[in-house]
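Visitor: For the record, the sequence lines run as chains A, B, C and D. Residue numbers for the first sequence, in my numbering: -6 to 373. Residue numbers for the second sequence, in my numbering: -6 to 373. Residue numbers for the third sequence, in my numbering: -6 to 373. Residue numbers for the fourth sequence, in my numbering: -6 to 373.
Among the clues, some could well be false.
No distinction is drawn between identical chains; accordingly, a pair holds when it is met within one copy or between any pair of copies.
Stated by the list, open to error - Straight-line alpha carbon distances no greater than 20 Å define the calculated SDA-like cross-link-like pairs of lysine to any residue that follow:
| no. | residue 1 | residue 2 |
| --- | --- | --- |
| 1 | Lys108 | Gly306 |
| 2 | Lys362 | Gly90 |
| 3 | Lys268 | Leu292 |
| 4 | Lys60 | Val84 |
| 5 | Lys257 | Trp158 |
| 6 | Lys373 | Ala89 |
| 7 | Lys368 | Met169 |
| 8 | Lys365 | Arg238 |
| 9 | Lys257 | Pro308 |
| 10 | Lys(-4) | Arg48 |
| 11 | Lys214 | Phe22 |
| 12 | Lys291 | Arg137 |
| 13 | Lys177 | Trp197 |
| 14 | Lys65 | Thr203 |
| 15 | Lys136 | Glu289 |
| 16 | Lys108 | Lys355 |
| 17 | Lys257 | Ala170 |
| 18 | Lys362 | Met169 |
| 19 | Lys108 | Glu220 |
| 20 | Lys268 | Asp288 |
| 21 | Lys(-4) | Thr203 |
| 22 | Lys339 | Val164 |
| 23 | Lys(-4) | Arg43 |
| 24 | Lys312 | Phe7 |
| 25 | Lys108 | Thr346 |
| 26 | Lys268 | Arg293 |
| 27 | Lys(-4) | Glu141 |
Because the hints were derived from the structure by calculation, they are not lab data.
Spelled out, the chains give:
Number of protein chains: 4
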Amino acid sequence: MAKTLNVGLIGYGFMGRTHSNAYRKVSHFFDVPYRPVLKVVCGLVEAEARAFAERWGYESWCTDWRKVIDRKDIDVVDICVPNNVHAEIAVAAAKAGKMIVCEKPLALDSAQAAKMVEAVEKAKVPNIVSFNYRRVPAVTLAKRLIEEGRLGRIFHYRANFLQDWTISADVPQGGMATWRLDVKAAGSGVTGDLLAHCIDTATWHNGPITRVNAMTETFIKERKHAETGKVEPVGIDDACTFFCRFQNGSLGNFESTRYARGHKALYTFEINGEKASIRWDLHDLHRLQWFDHRDEGKLRGWRSIHVTDHGGGHPYMDKWWVPGLQIGYAETFVHQIADFLAAAAKGEPCPPTFRDALATQKVCDAVLKSAKSGKWVEVK
Amino acid sequence: MAKTLNVGLIGYGFMGRTHSNAYRKVSHFFDVPYRPVLKVVCGLVEAEARAFAERWGYESWCTDWRKVIDRKDIDVVDICVPNNVHAEIAVAAAKAGKMIVCEKPLALDSAQAAKMVEAVEKAKVPNIVSFNYRRVPAVTLAKRLIEEGRLGRIFHYRANFLQDWTISADVPQGGMATWRLDVKAAGSGVTGDLLAHCIDTATWHNGPITRVNAMTETFIKERKHAETGKVEPVGIDDACTFFCRFQNGSLGNFESTRYARGHKALYTFEINGEKASIRWDLHDLHRLQWFDHRDEGKLRGWRSIHVTDHGGGHPYMDKWWVPGLQIGYAETFVHQIADFLAAAAKGEPCPPTFRDALATQKVCDAVLKSAKSGKWVEVK
Amino acid sequence: MAKTLNVGLIGYGFMGRTHSNAYRKVSHFFDVPYRPVLKVVCGLVEAEARAFAERWGYESWCTDWRKVIDRKDIDVVDICVPNNVHAEIAVAAAKAGKMIVCEKPLALDSAQAAKMVEAVEKAKVPNIVSFNYRRVPAVTLAKRLIEEGRLGRIFHYRANFLQDWTISADVPQGGMATWRLDVKAAGSGVTGDLLAHCIDTATWHNGPITRVNAMTETFIKERKHAETGKVEPVGIDDACTFFCRFQNGSLGNFESTRYARGHKALYTFEINGEKASIRWDLHDLHRLQWFDHRDEGKLRGWRSIHVTDHGGGHPYMDKWWVPGLQIGYAETFVHQIADFLAAAAKGEPCPPTFRDALATQKVCDAVLKSAKSGKWVEVK
Amino acid sequence: MAKTLNVGLIGYGFMGRTHSNAYRKVSHFFDVPYRPVLKVVCGLVEAEARAFAERWGYESWCTDWRKVIDRKDIDVVDICVPNNVHAEIAVAAAKAGKMIVCEKPLALDSAQAAKMVEAVEKAKVPNIVSFNYRRVPAVTLAKRLIEEGRLGRIFHYRANFLQDWTISADVPQGGMATWRLDVKAAGSGVTGDLLAHCIDTATWHNGPITRVNAMTETFIKERKHAETGKVEPVGIDDACTFFCRFQNGSLGNFESTRYARGHKALYTFEINGEKASIRWDLHDLHRLQWFDHRDEGKLRGWRSIHVTDHGGGHPYMDKWWVPGLQIGYAETFVHQIADFLAAAAKGEPCPPTFRDALATQKVCDAVLKSAKSGKWVEVK
């Protein structure tokens, strides 16, 4: 039997649920070195923390995250709170020698992120940042195809993340459900929330981004604050588009918005190489589109690969059901925890590590800086 | 310069237009041995025949088809009238030594069709029946792939032809626009009009059908007649589905209806072979779907082939524009005429010939007979 | 807190996993009256039963299903074994007053199924048969649209279930992994395994089927038996197609095969009504296709509904994540258990009940009988 | 009968063919005030001009474009030569009082284009620039939907034009087939060739673009010249991406490349409005994607509109075949000529006029200037 690993979860929102589900399921499907034990969940409102604990089977609950870190029996601290609180918790957890799972983006900015990296690397604690889309099987398959050199020289990388949930001026900012619209809690708008995902995948797939040129917009300039009830200026970017250069010479084009009517979570990317191209789209996450110029001329076409096969190289899928039957969004977190546990057993960080996430944060910072200045900005 | 070939068109309806357009265009795109000259169009209403002649550039018009056949200068008689008149015209034209292009289905039934075959074969005149979908480039490509043996043993052939234009009980039967609902003019409903297309393609692709078992239905039992104004019983089949055996051991499943809300002309087929499968759909006629089990496991998927390439084996397409730019429905008739002219120059019939169309008619007859008897019927 | 409900699972194969996963997850997402407790798993090979128990957290394991039924503390018996054992277990469980969850098809034939129905109805125990596709949110949504009368008079119901996993002659019959190819264990081939799903959904959506006319084929006539190693005749149907009449006057067309190269689990259905049509496909199970003739003419088109919204009527989805994020195959079993638990709390059977499944079995029997006789068969 | 209009075509390449086809067909399908007569075709190589004349039925041919303009009997001069010759011909034709049809982009730069506008406006001759994609029925339908105010406030306009035909370093520059790679003949690369189309449609749909920020790249720095045989530096942009601001406050994102493996002519656009969104794609040009937030919640989805209906508002389609049957790329030129002839009969220019095309040219100039400077550039 696997050893147990005691988990302390901080934050019981949307991400708290996805992580709890992953801890609960991982050992049913993956042969992991540790079996996670849900020790404690921590959140601001006690009644809610308690209800969450009861629903998900946490042994206890609390409202002060420092108590989680003080507990000797906690092995992993899992941070699922708004972005502005990540740094303080993570640094404290690292000092206490805890393994850390942290939601993305890592921090409000790269200065903060750098301190977090310093903390986990000094403490040598296993760590991971939850850019979960890397572990959609189709996205992981794309990575393998690139690594195998099947695309040849890369010319273009293109990614979008389109949503439509903030079009109404009645959506407030701040508070539990809409902190992502409050610049104080979120740090930025779509750049940190959505483009950070795109940048993480892109740099994993295609290497470092060296320079960016960006434009942002805030379509709705004022929103009521959910907690104060006051109408306040909106400080986040509602939309952001940027183009860039990758170190390998390819061009990038990225766009994100929460004002694209008809799209709930349309994260798409496309990579164009000399020999082959890849497309993917979160709305049908179980499919990968593949075009191979080496195919016989009259039979060339985009292949729609239903990434559900076993044995033949569809990442993670042999752990689930039978070929043809799709998994969903939530399973990406199970894959993430499975990989994290494997790394943790070796005392290693698991990619995307805090250091990887710092690199993404630097791109985000450069994007926001460029949007303000209207000029190209180097990523340093 | 190519020699000229004098055309006499009988019928100025929908098909009269598609054929006229093809005659007009064919020599601009194809190197054909004959340049068609539009000599005469014939139709019931003189004013309409004249207007048609003027629009399409026919030199003359008339209202009695026998005059077309009597003209010595007419080389090709093109029959675009309702099904119940095909036989008489075709037999007369053959006797007069005319080449014949005939709309599908060939006749009201196979007895009539057999006489037509006898006539053209005795007269040795070039002939073709306008099952135009064979010459959609994607459909022709499918044929080539099958001929090259790429599918291996065939297990299944599946075809549908779904429309929705007769759902309203207010659609009349009979007359110029709706003769297809009048059993006296059409002979049958969807079986002769739509399934005949499916059967023609299927037997071309997959060989003879040997036995059928069918069900038909007439959803709306009475309709006003467009000419008499009287409400009369509907004699056609509104819907027909049948399964069958092919000589090669594969199973067939065919269905057609004019009561499939949302489909205007959804002719689809799918062929499942041991090694590969093919799908096609008239609503996106420029695409062919191809699945090849010999592809590397993790990259297997249905390929959506945009059948617009040049040089590499996309039939007919090098005659048109540039890769990536699609052609439409009407071009299938241009291909048909191009092939017909090439055959005619050699004095040969062009597939699908009257004889080929007789075989299709026999399947249609067996289908209708089976639907009546509720039993398997052999195709003889 | 919810009361507990003690589960005894019989069978640790593919379905044993899907059911275990559902019991484990249901109370995290749904407010259910019972919290399932995994008491015991039973299977033929002790080491495997034990491993399964450890992986999924069953408190105990055994190899004799009678012991499960004899245990007083077991509330629910869940039957996930090959079809030929369903009846004996179910009847015994009913006699012991256990609630029953049974995998589909209910039995080898309708005679057997009738006895099972008698047993559960006499014992008045809550029961359900695991036709899980009813509870794909898109499929449930289809049912609601039909119930709301949005389609008007129904003309056609069409369903396919296409697979390709038995094309190789090297696939054996019998044994743990391939008992579905052994007629003694499975009762039939695609008819009971795949078409039973289609029939269950179809009759739920569109009412009773009254008459059928079918064709079956066994493409590979002999296969080695996985247990005996001997080559034996194949007794199952590899492919089956049938057309039928529904009581409401609409026509049905059904086909299933395991020889459709390129399709792993392509369960599709389409319903054509006077006013609207619906399509769905298991390979993209989170989408529903909807065409509404009442839409403004120039804007009519098939809508691809990403069935992931909350609040607005996408069944079950408000229990999961956020709009735009898809669930997978396994969640259908969670929905099934949630609904079963709600019914159980009221002491009621949950549809599809044993009685519902008997009706499906009768259609399957008629289909197989028709395929043998080559004639229409009434469903009684 | 319509009056005749005498056409002189200059250039017998790809565009010469599309225009000739349009002149030939227009009066068969549209009720136009003029029937075009193909008087003369002019091109550099006499044998080719003659062969073209014979194939398309031009009465004569020549090799000096000035002779076309000198002919009194020519009513329309149609310019289908490389971009660097447009201005000289157009200005001379305007002075001679000819109507002008000119291929896009209008000129090498906006200074040249401004002179051309001055010439046609001074001469008051009907004129049009062949941005043919405006007249894809789906694209025209999009315009109507926007004009009807159905989208509400516009947030985003996004367009791509992706090709892959110049990836090989063996493709030469210059000459008849590849002048588009020669900066002297083409003026620019994808910006003038492909993005000009996107910009024309975008400003038609969404109003003026006020500021741009661009990046270009030339992936292959040297290519052999098709005429001289010498390897020369490549002066064109192989790829160009830019973002921009529209006057109406919306954001634009545009990208074009000839290095996107797998795409032949993937011109796509998407417009996101407050209430609805539209998508379109040249690879399936007969479809429009439409999402309407006003649809009932549970039935919201992207509609795939097969733009082939009659009567109900699908632009141009009632002139062609029957609903469900698609037209292709070439028909866009027929629509263009039909509209041009209608305008010409009134002595008016037909949009997109030379003046409209000048506005597009200014955006292209700004894009190229921004790409060089790395800064935002105002469009003036």
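Visitor: Each hint should be assessed against the structure and marked as holding or not.
Guide: These are the hints, each one checked on the structure:
1. Lys108 / Gly306: neither (38 Å within a copy, 46 Å between copies)
2. Lys362 / Gly90: Classified as neither; 35 Å inside a copy, 55 Å across copies.
3. Lys268 / Leu292: Answer is both: 15 Å inside a copy and 15 Å across each meet the 20 Å cutoff.
4. Lys60 / Val84: within (14 Å within a copy, 54 Å between copies)
5. Lys257 / Trp158: Classified as within; 7 Å inside a copy, 34 Å across copies.
6. Lys373 / Ala89: neither (30 Å within a copy, 61 Å between copies)
7. Lys368 / Met169: neither (35 Å within a copy, 40 Å between copies)
8. Lys365 / Arg238: Both: 19 Å inside a chain and 15 Å across chains, each within 20 Å.
9. Lys257 / Pro308: between (26 Å within a copy, 17 Å between copies)
10. Lys(-4) / Arg48: So Lys(-4) and Arg48 pass the 20 Å test across copies only (13 Å; inside, 24 Å).
11. Lys214 / Phe22: Answer is neither: 47 Å inside a copy and 37 Å across each miss the 20 Å cutoff.
12. Lys291 / Arg137: between (27 Å within a copy, 11 Å between copies)
13. Lys177 / Trp197: neither (29 Å within a copy, 40 Å between copies)
14. Lys65 / Thr203: Neither way: Lys65 and Thr203 sit 43 Å apart in one copy and 61 Å across, limit 20 Å.
15. Lys136 / Glu289: Between. Shortest inter-copy distance 17 Å satisfies the 20 Å Cα cut-off; intra-copy 24 Å does not.
16. Lys108 / Lys355: within (13 Å within a copy, 48 Å between copies)
17. Lys257 / Ala170: within (16 Å within a copy, 40 Å between copies)
18. Lys362 / Met169: Classified as neither: same-chain Cα gap 28 Å, cross-chain 46 Å, threshold 20 Å.
19. Lys108 / Glu220: neither (30 Å within a copy, 61 Å between copies)
20. Lys268 / Asp288: So Lys268 and Asp288 pass the 20 Å test inside a copy (10 Å) and across (17 Å) alike.
21. Lys(-4) / Thr203: neither (43 Å within a copy, 58 Å between copies)
22. Lys339 / Val164: Neither, since 45 Å and 40 Å both go past 20 Å.
23. Lys(-4) / Arg43: So Lys(-4) and Arg43 pass the 20 Å test across copies only (18 Å; inside, 27 Å).
24. Lys312 / Phe7: between (25 Å within a copy, 12 Å between copies)
25. Lys108 / Thr346: within (14 Å within a copy, 59 Å between copies)
26. Lys268 / Arg293: Answer is both: 12 Å inside a copy and 17 Å across each meet the 20 Å cutoff.
27. Lys(-4) / Glu141: neither (35 Å within a copy, 53 Å between copies)
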